[in-house]
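Novice: Could you build all of it, start to finish, from the sequences and the hints given here?
Chains as they are written, first to last, in the numbering used here: chain Z, 1 to 229; chain V, 1 to 274.
Simulated from the structure, these hints should not be mistaken for laboratory data.
No false leads were mixed into what you were given.
Here are the computed distance ranges between Cβ atoms for each label pair:
{"id": "1", "chain 1": "V", "residue 1": "K43", "chain 2": "Z", "residue 2": "A192", "range": "50 to 60 angstroms"}
{"id": "2", "chain 1": "V", "residue 1": "T46", "chain 2": "Z", "residue 2": "V61", "range": "50 to 60 angstroms"}
{"id": "3", "chain 1": "Z", "residue 1": "E69", "chain 2": "V", "residue 2": "N244", "range": "33 to 43 angstroms"}
{"id": "4", "chain 1": "V", "residue 1": "F184", "chain 2": "Z", "residue 2": "F189", "range": "27 to 37 angstroms"}
{"id": "5", "chain 1": "V", "residue 1": "V181", "chain 2": "Z", "residue 2": "H188", "range": "25 to 35 angstroms"}
{"id": "6", "chain 1": "Z", "residue 1": "P181", "chain 2": "V", "residue 2": "A49", "range": "45 to 55 angstroms"}
{"id": "7", "chain 1": "V", "residue 1": "K106", "chain 2": "Z", "residue 2": "A99", "range": "20 to 30 angstroms"}
{"id": "8", "chain 1": "V", "residue 1": "K79", "chain 2": "Z", "residue 2": "A99", "range": "18 to 28 angstroms"}
{"id": "9", "chain 1": "V", "residue 1": "Q85", "chain 2": "Z", "residue 2": "G141", "range": "35 to 45 angstroms"}
{"id": "10", "chain 1": "V", "residue 1": "M188", "chain 2": "Z", "residue 2": "S115", "range": "33 to 43 angstroms"}
{"id": "11", "chain 1": "V", "residue 1": "G92", "chain 2": "Z", "residue 2": "F189", "range": "53 to 63 angstroms"}
{"id": "12", "chain 1": "V", "residue 1": "K6", "chain 2": "Z", "residue 2": "P161", "range": "42 to 52 angstroms"}
{"id": "13", "chain 1": "V", "residue 1": "R267", "chain 2": "Z", "residue 2": "N185", "range": "42 to 52 angstroms"}
Subject to a maximum C-alpha distance of 20 angstroms in a straight line, what follows is the list of computed DMTMM-like cross-link-like pairs (lysine to aspartate or glutamate):
{"id": "14", "chain 1": "Z", "residue 1": "K128", "chain 2": "Z", "residue 2": "E153"}
{"id": "15", "chain 1": "V", "residue 1": "K247", "chain 2": "V", "residue 2": "E35"}
{"id": "16", "chain 1": "V", "residue 1": "K106", "chain 2": "Z", "residue 2": "E69"}
{"id": "17", "chain 1": "V", "residue 1": "K43", "chain 2": "V", "residue 2": "E32"}
{"id": "18", "chain 1": "V", "residue 1": "K79", "chain 2": "Z", "residue 2": "D92"}
{"id": "19", "chain 1": "V", "residue 1": "K106", "chain 2": "Z", "residue 2": "D92"}
{"id": "20", "chain 1": "V", "residue 1": "K106", "chain 2": "V", "residue 2": "E78"}
{"id": "21", "chain 1": "V", "residue 1": "K45", "chain 2": "V", "residue 2": "E86"}
{"id": "22", "chain 1": "V", "residue 1": "K45", "chain 2": "V", "residue 2": "E262"}
Derived list of chain V stretches under chain Z, where covered just means 3 residues or more per stretch with a C-beta under 8 angstroms from a C-beta of chain Z:
{"id": "23", "stretch": "93-106"}
{"id": "24", "stretch": "113-125"}
{"id": "25", "stretch": "140-150"}
{"id": "26", "stretch": "169-183"}
From the three backbone atoms N, C-alpha and C, an ideal C-beta is built for every residue, glycine too.
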Amino acid sequence: MSQTTPLLPPAGTCFVDAVNSQFHRNITSVLRAPLLGATQWRVSKKTSDKMMDRRGWVQSVCMTATTPEQIAALPESCERIYIPGEFCRQGDVLSAAAAAGKVILLERGAFLAPSDLTRAVEKLGEAKSRLILVEAGSAFGYSDRVLDPRALEVMLSLGCPLALNLDALVQPAGTPYEHRPAWMNTAHFDIAFIRTASAFHVHYLILPADRELAPEALDLWSSAVRKLS
Amino acid sequence: MSFNHKWNGAIHPNVTLSSTNLTVIAGPCMFESRELGFGVAEKMKTLCAELGFGYVFKSSYDKANRTSGNTARGPGLEKGLQWLQELRAHYGVPVLTDVHTPVQAKEAGQVVDVVQVPAFLCDQRDLLAACAETGKTVQIKKGQHSPPEQVIACADYVSACGNPKVLLCERGSSFGYNNLVVDFRNVMLMQRSGYATVFDGTHAAQLPGAGSGQSSGLRDMVPGLCAAAAAVGIHALFLEVHPNPEKALSDASTQVNFETAEQILRRVRQLQAG
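Specialist: What follows is the structure, encoded as structure tokens:
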């Protein structure tokens with residue numbers, strides 16, 4: 001691990017309380033390597049992920065929550081709860097999300113076989129009717145995710161709308177593997193992922209607020225949407 | 001012995017980690033009953049004392065991330081911590097348990113000597129900070145999906161929170177669906193980071209979700225994996241031990257019985273002596 005890796009800026013505003021956010025900021029400044037990835041970013045930041053469905057961008061408020069306490073503290077204005085893949089089997093988190101009455105976006109853990117997601121969905125009980133499954137790729141070595149068409153097939157068979165978290169595929173969360181090949185770090189592969197998603201009639205694409213699709217990728221998704229609508 | 005020049009490895013008056021003498025962290029996966037936990041602690045404490053190893057009892061009060069929602073989870077926080085407290089006092093051994101939320105970390109930190117951050121949750125900052133704030137030793141399991149750099153960065157985070165008493169634990173990496181491989185390069189990287197290094201021999205043999213609604217595993221691989229880890233060099237060995245693993249309420253395919261645990265530890269003792 002490099003000792004000279006530049007420090008990244010702090011992880012954002014904590015939606016639970018501002019004091020905690022300041023705490024994170026202080027800690028981040030003394031790390032010898034950045035610990036800033038989607039997981040931390042989501043946990044400690046009010047997310048404003050853009051979700052694009054076949055009608056265009058959905059601008060509703062979506063917040064990430066990783067504990068029952070966080071879910072209980074979500075404001076009424078939060079319409080959607082995003083549960084990161086690492087928490088997709090946590091019984092208490094899923095129960096709290098089900099009880100909250102909001103739309104749930106449940107990300108399949110990169111470590112979880114798609115067929116095992118069936119049991120995670122079962123833990124949500126009747127809240128399945130408010131569920132959107134999220135595919136964010138499967139762990140394929142360190143700091144690498146693959147989009148497995150078999151996973152899309154299995155997840156669609158569960159009878160819930162399916163979203164594709166594009167950013168998680170291109171740039172996996174967390175401190176990157178030191179030897180990760182540079183050719184993987186490119187949004188150029190947006191095209192390949194969108195083509196795959198379109199072929200499987202995936203309902204939504206998810207992007208962080210500060211990530212724009214290249215015009216070519218946007219056209220590709222728009223075209224797929226027109227064909228299906 | 002000093003870890004990153006900040007910690008001497010002491011996790012209990014009776015147990016101090018070192019590179020020359022292994023510490024064994026062992027107990028049933030789930031604290032199924034008070035009798036089960038006490039029985040395993042008594043056996044393992046005696047065995048470790050005979051072989052000259054330090055001993056830490058481990059067990060979980062809540063298996064919060066079971067594959068299926070229809071399987072047992074354990075006695076719960078309150079009863080589980082009570083049992084751990086009683087066991088700690090009765091046998092004079094340190095105890096370890098895993099926590100899943102900052103609230104649980106605060107509660108468990110008042111009882112146990114080592115709080116463990118589960119692999120799936122290894123990079124959750126709020127949880128890491130809460131564990132650090134307990135002032136107890138913090139064991140962080142490397143996520144099956146994480147590169148080694150990530151778990152070392154997590155240890156740095158705990159240390160930066162003012163708690164340098166960190167154990168890094170290798171337990172295998174995702175290698176396709178329902179499968180784990182142990183990459184011993186990770187153990188070497190953990191050592192180089194200066195933190196105490198632990199190898200989880202029983203979870204490393206898991207085949208996650210490969211059973212029908214539960215994880216399966218390759219129990220017969222556990223002894224070889226443990227020997228390899230000892231040869232590479234670790235400060236502690238983590239084992240889940242059950243008197244009748246086939247009847248265990250969790251991880252029945254990977255927990256080892258007393259006989260196998262003894263064989264593993266005797267082999268490791270020979271390796272360390274050699």
